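J.: The listed protein sequences derive, respectively, from chains A and B.
Position one of the first sequence corresponds to residue 60 (my numbering), numbered consecutively onward.
Position one of the second sequence corresponds to residue 4 (my numbering), numbered consecutively onward.
These aren't lab readings, by the way, just hints derived from the structure by calculation.
Fair warning: this is a prediction, and the values are worked out from it, not measured in the lab.
One or more hints might be untrue.
Unchecked claim - Computed, partial: chain B to chain A, Cβ under 8 Å: (1) 38; (2) 101; (3) 109.
As the list claims (entries may be wrong) - Far from chain A, some chain B residues (derived; all Cβ distances over 10 Å): (4) 42; (5) 49; (6) 61; (7) 161; (8) 167; (9) 211.
Glycine included, every Cβ here is placed at the ideal spot set by N, Cα and C.
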Amino acid sequence: MSLLERAVIVPPPRRVALTEPAWVRRVVIGAGVVFLTLFVLVPLAAVLTAALSHGAAAYARSISDPAALRALKLTLIAAAIAVPLNLVFGVAASWAIARFRFRGRALLITLIDLPLAVSPVIAGMVFVLLFGSHGLLGPWLQDHGWRVIFALPGIVLATTFVTFPFVARELIPLMEAQGSEEEEAAMVLGASGWQMFVRITLPKIKWGLLYGVVLCTARAMGEFGAVSVVSGNVRGRTSTLPLHVEILYNEYEYQAAFAVASLLVLIGIASLLARRVIAARVDRSRQEAT
Amino acid sequence: MVRRSALPGFGLSMGYTLVYLSLIVLIPLATLAIKTAELSWGELWTLATSDRALASYRITFGASLIAATINVVFGTLLAWALVRYRFRGKGLIDAIVDMPFALPTAVSGLALTTVLAPTGWIGRFLEPLGITAVFSPLGITLALVFIGLPFVVRTVQPVLEELEPELEEAAAVLGATRWQTLGRVIFPALAPAILTGFALAFARAIGEYGSVVFIAGNKQYETEITPLLIMSRLEEYDYPGATALALVMLLVSFAMLLAINGLGAWTRRRAGHL
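Chain A on its own, in the form it takes in the complex:
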């Protein structure tokens, strides 16, 4: 090979590796898909199959059973009290935290997150220690004929505790990203505080608010550990839907247990779909502001 030839025959440029070889890509995707299928899809399919194992009529009977309906009603009541409470708190907390700088701000944010770090069993337990018959305020409550533990108030309190941070956690970063120019402009132009809140702030945060409410509601309806501690598990009286599933399962009424569980699966899937739709709107409202 002459020198000239050698100079002309340029070696092909070495392929610069910016992704993995095709077989690696396939293995990674395959491992992920198999893992999710085995851990999530197969178990869910098993629940739905077991729920329908005795036919559609048995399924309909199981979910329209009076005890199941009472459990559904109690679940809805608990969520209907806990979610608005945490919604109002979330708005107040995010206004204070995202719009003002004060000492102890970081600590306050950590304290708001606290219920997420606490085991659900401990969340229920603190209310038993406080209001139970051997608890700090228990005897006093008994003298006045009030029941908190093994009754609706206990279930509502435990549900409120475990869903406490959801709205606030959604709103604080959103309001920080959006900034406060519009609100300040409204104030300068003579709006009252309430007008500013209703006409400027609320429209700006509404999708974030809704996202937080969906998270909060889904968790409120599905909470098990905390509610299990404070409810006496009196069938149909102090059992929510998840507790009712456990009662039926322990009584070997498997088909009925799975039928009620399938309702909770549907609620979970609905919340997931709602979250995906709303998340896109939240992103847009975050970008519009910046």
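Starting from the known structure of chain A, arrange chain B on it as the hints suggest.
T.: Relative to the frame of chain A, chain B by itself:
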């Protein structure tokens, strides 16, 4: 204290926040401190380190540690596939990752127990191999893998999305093989996020109750997790016993919360440098 602001409502919103936080969270949690103060150090130590308690810590923390580690492996793989690769059904896979968050824990526990039981869809293939996946520490670990799954994916995914391709291009142009780029450029950038995901999954796992009780079988000393032991102490009206155990759990949870906050700051710093 408060920087002067043109905006109204600080007093009202702050006051409401503090009152509500105290009523729902702080005062109830303080009850635990009051109940603890009723015990002497000796009593507390005896209750928190009984044989049954120690066995429950071993199971709870051991299974949580293994589960969080499994989540790191599959969570990072999934996040990688979702951000870097295009494949059919990607949107669906992305949605399914959130399923363990969206499902009530009791339903998750019931579902896993059903498929892993010796007659279940997956369990029937495990039984001939001599693997018992229900009423065993393995079952507890699998349930904890399930509920911890989204944490690693959802912490690694955004960091991976923000990673600038220029860095990898530079590494590749300078002659690095793909493995070298992965190991020396991408992994260090992802490490804080992976560790945060691990900590979140672990913190969630140690307190988990609903998804574990169905699959654990709840045999004392063998498959009894600490939250369940607290539950049985409460049912026996053994409040001191429950309090001592809860205190141990809470201390670990607070340590995890602090670690996670610190890791979050590290993640942001790392991302800022890049």
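J.: Which earlier hints turn out false for this structure, listed by number in ascending order?
T.: 9
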